[in-house]
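There are 2 protein chains.
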Amino acid sequence: MYSFDDLVRFSSKILQAAGLNEEKASVIARLFVTADAMGHDTHGLKLVAFHMPDIEDGHMLLEGEPDVLQDRGATVVWDGKRLSGVWLAQKALSLAAERAKQYGTCSIAIQRAHHTGCLEAFLPELTEQGLIAMITNSVPASKLMAPFGGLDRALSTNPFAVGIPTGDVPILIDMSCTICAGTKIMRWVDEGKKTPGYWIQDAQGNLSNDPTILFSEPKGTLLPIGGHEYGHKGYNLALMVEALTQGLSGFGGADYSEHITPGSTNGGKADLSVDRLGPVFIQVTDPEAFLGLEAFERQTKHLVDSCKNSRPINENEPVRLPGTKGYLGLKRAKEVGLELYPGIMEDIIPIAERYGVELPDPLPGT
Amino acid sequence: MYSFDDLVRFSSKILQAAGLNEEKASVIARLFVTADAMGHDTHGLKLVAFHMPDIEDGHMLLEGEPDVLQDRGATVVWDGKRLSGVWLAQKALSLAAERAKQYGTCSIAIQRAHHTGCLEAFLPELTEQGLIAMITNSVPASKLMAPFGGLDRALSTNPFAVGIPTGDVPILIDMSCTICAGTKIMRWVDEGKKTPGYWIQDAQGNLSNDPTILFSEPKGTLLPIGGHEYGHKGYNLALMVEALTQGLSGFGGADYSEHITPGSTNGGKADLSVDRLGPVFIQVTDPEAFLGLEAFERQTKHLVDSCKNSRPINENEPVRLPGTKGYLGLKRAKEVGLELYPGIMEDIIPIAERYGVELPDPLPGT
Numbered sequence: 001m002y003s004f005d006d007l008v009r010f011s012s013k014i015l016q017a018a019g020l021n022e023e024k025a026s027v028i029a030r031l032f033v034t035a036d037a038m039g040h041d042t043h044g045l046k047l048v049a050f051h052m053p054d055i056e057d058g059h060m061l062l063e064g065e066p067d068v069l070q071d072r073g074a075t076v077v078w079d080g081k082r083l084s085g086v087w088l089a090q091k092a093l094s095l096a097a098e099r100a101k102q103y104g105t106c107s108i109a110i111q112r113a114h115h116t117g118c119l120e121a122f123l124p125e126l127t128e129q130g131l132i133a134m135i136t137n138s139v140p141a142s143k144l145m146a147p148f149g150g151l152d153r154a155l156s157t158n159p160f161a162v163g164i165p166t167g168d169v170p171i172l173i174d175m176s177c178t179i180c181a182g183t184k185i186m187r188w189v190d191e192g193k194k195t196p197g198y199w200i201q202d203a204q205g206n207l208s209n210d211p212t213i214l215f216s217e218p219k220g221t222l223l224p225i226g227g228h229e230y231g232h233k234g235y236n237l238a239l240m241v242e243a244l245t246q247g248l249s250g251f252g253g254a255d256y257s258e259h260i261t262p263g264s265t266n267g268g269k270a271d272l273s274v275d276r277l278g279p280v281f282i283q284v285t286d287p288e289a290f291l292g293l294e295a296f297e298r299q300t301k302h303l304v305d306s307c308k309n310s311r312p313i314n315e316n317e318p319v320r321l322p323g324t325k326g327y328l329g330l331k332r333a334k335e336v337g338l339e340l341y342p343g344i345m346e347d348i349i350p351i352a353e354r355y356g357v358e359l360p361d362p363l364p365g366t
Numbered sequence: 001m002y003s004f005d006d007l008v009r010f011s012s013k014i015l016q017a018a019g020l021n022e023e024k025a026s027v028i029a030r031l032f033v034t035a036d037a038m039g040h041d042t043h044g045l046k047l048v049a050f051h052m053p054d055i056e057d058g059h060m061l062l063e064g065e066p067d068v069l070q071d072r073g074a075t076v077v078w079d080g081k082r083l084s085g086v087w088l089a090q091k092a093l094s095l096a097a098e099r100a101k102q103y104g105t106c107s108i109a110i111q112r113a114h115h116t117g118c119l120e121a122f123l124p125e126l127t128e129q130g131l132i133a134m135i136t137n138s139v140p141a142s143k144l145m146a147p148f149g150g151l152d153r154a155l156s157t158n159p160f161a162v163g164i165p166t167g168d169v170p171i172l173i174d175m176s177c178t179i180c181a182g183t184k185i186m187r188w189v190d191e192g193k194k195t196p197g198y199w200i201q202d203a204q205g206n207l208s209n210d211p212t213i214l215f216s217e218p219k220g221t222l223l224p225i226g227g228h229e230y231g232h233k234g235y236n237l238a239l240m241v242e243a244l245t246q247g248l249s250g251f252g253g254a255d256y257s258e259h260i261t262p263g264s265t266n267g268g269k270a271d272l273s274v275d276r277l278g279p280v281f282i283q284v285t286d287p288e289a290f291l292g293l294e295a296f297e298r299q300t301k302h303l304v305d306s307c308k309n310s311r312p313i314n315e316n317e318p319v320r321l322p323g324t325k326g327y328l329g330l331k332r333a334k335e336v337g338l339e340l341y342p343g344i345m346e347d348i349i350p351i352a353e354r355y356g357v358e359l360p361d362p363l364p365g366t
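Going down the list, the protein sequences come from chains A and B. Under my numbering, the letters of the first sequence match residues 1 to 366, in that order. Under my numbering, the letters of the second sequence match residues 1 to 366, in that order.
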């Protein structure tokens, strides 16, 4: 078990050694450790190793600020220019929070952001200010889902997250439009496991629980929420996410099919560097601009209580609210430290050694 | 088969005879017939008979305007005062469209709206202006869904609809957070049918396809999207809809449990009239405030084409986009007329006769 702050310092030092400045590195490191603390261990410090090649070969832009392509007050568009998506999203959420307090609501679309990491990790900072926050992204070059009734990949997994203040533990939603997230699939492949349900279809459209068929030819696809029975629901959500992210940022599938990327920082040509790029859409709404935070939380608190008070189907599994586990996990990690998922520290150690960054000491007695 | 305009005139006359003024009646009638033309026959003219008791006994407020409780430009709150939800939503969408053109985005929360009818029917008018529109509502007194893992009703079906311009046929999404809509269940009960899948759980939490158990004691519940396997997804969406509608409008479950309703038009006490009331949340976004409609539609058109070009699982069922059937159905109905779902005209005839409103003539040769 490690101290939360030690892990942030440790990973920040690695990111700095690889070329990010202190401000960017510390924002990114804090969000990675937050993700681990919230239980999103596929999107926490695991990303240090995942992002490192792109940081080292320049596919992630390490320095500078996003270009402001449009700013109308309540709506903003940035070109993220391949900067860290984690850092960009955090910066955009801060701006959107400020603007939401002024206009009541603010939407920001970002084109060409590098990987955004764990979406839920951004939310507690917003809900603690009494704000409703939404963040969603798509990855046009990484399609995993076929349209409902189809065989060919046309959509990415399209995660979206929503944070809702309740006056107590917030409601934190983080879900993909596919039955499960792509990173879960990668973990099951790594661990030689089947998917818990028939959440995949093979290249002929047959249901399967074998995650390896997403990566071997002829490739299968990850099913939308609702699967073969009512997968129009997940398909609908995916279309909505792609329209908001790609349409409003002006960066998406249309650029890939035409083998160009908008903007100019990579010379207008698609290259490997765009493959992990995604457009991001952020929206922050201030209940104070409606009938006030108190009126808002009076309803959301009641909603939470109604759900919690529902008798559970299985006596030993009380009804939960989304985000409670992650939020309390984060609180506990800051107080007493956190364990990392097996293999994560082992992946980072060679990188730390290469850069001469000292490993954090495990907490005494752990 | 009837002419679209004849059906609008006919149903508007009935609504006027029952006490609504010409403006309100014609807006509501046009949206009812639009819903039928788009294939939402549970939310079209069928609602004439469904709304009539509330119109006749005063549970729907027939005259007046909503009270403006808050107006910050890009955010607005109305008290709908039990006025027709169809009329209120249409009016709010018009205002939101105007404001979105000014601010880039506009969100409007409405408390105490009577039934809003078919959400998808509102969308074409917005997408034709090149706007993205979202409309969602909940009905705090009409809970059908238990939280994921629970037995007791805590959430309504929470429909939401999103319209997305593409430069051609728009993407029109209209879905509930339960596996299917509540009105579909009512129709299957009426017709003595089972649900197409195991979309219901009984009072003990067992899966069922018998829709009657939603209405007989001990009552079952309609499952969230994802069912027993991954129903946290539908549960997440439902929480989001209830927070936006009830939280931002300041009218929701908290008012029912405390046996009061906010505002004053019904004396501050809950009564039968509130039972069909719901808060509504509307959001309109103008792509012109981002990188322009052309840049937006370049991406959404590509998205539509990618989906359509996917090989279908079943050769005879090409991949469809949500909204295409409804949009083309509406276009066709305006050109050549429409058939009504069996039983709908039969339900209206006694009402028309009671008010002395002449029935529309079927189109020649039909």
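If you're looking for bench data, these hints aren't it; they were derived computationally from the structure. Among the hints, erroneous ones may be present.
Which copy is meant is left open, so a pair is good if it fits within one copy or across any two.
Only pairs whose alpha carbons sit at most 16 Å apart, straight line, appear in this in silico EDC-like list of lysine to aspartate or glutamate [said to hold, decoys possible]:
hint : residue 1 : residue 2
1    : K193      : E288
2    : K219      : D152
3    : K143      : D168
4    : K325      : E358
5    : K13       : E294
6    : K184      : E65
7    : K331      : E128
8    : K143      : E217
Using 16 Å as the alpha carbon limit, work out where K184 and E65 are close: within a copy, between copies, both or neither.
This pair counts as neither: shortest intra-copy Cα distance 32 Å, inter-copy 51 Å.
Alpha-carbon proximity between K331 and E128, which holds within one copy, between copies, both or neither at 16 Å:
within (13 Å within a copy, 48 Å between copies)
Using 16 Å as the alpha carbon limit, work out where K13 and E294 are close: within a copy, between copies, both or neither.
neither (41 Å within a copy, 44 Å between copies)
Intra- versus inter-subunit Cα pairing at 16 Å for K143 with D168
The answer is neither: 38 Å in one copy and 24 Å across copies each exceed 16 Å.
With identical chains, the pair K219 and D152 could be close in the same copy or across copies; at 16 Å between alpha carbons, which is it: within, between, both, or neither?
within (9 Å within a copy, 42 Å between copies)
Up to 16 Å between alpha-carbons, please classify K325 paired with E358: within, between, both or neither.
neither (31 Å within a copy, 61 Å between copies)
Check K193 against E288 for me: Cα-Cα at most 16 Å, and say if that holds within a copy, between copies, both or neither.
neither (47 Å within a copy, 47 Å between copies)
For K143 and E217, with the copy left unspecified, which applies at a CA distance of at most 16 Å: within, between, both, or neither?
within (15 Å within a copy, 46 Å between copies)
Hints 1, 3, 4, 5 and 6 from the list above are not met by this structure, while the remaining hints are.
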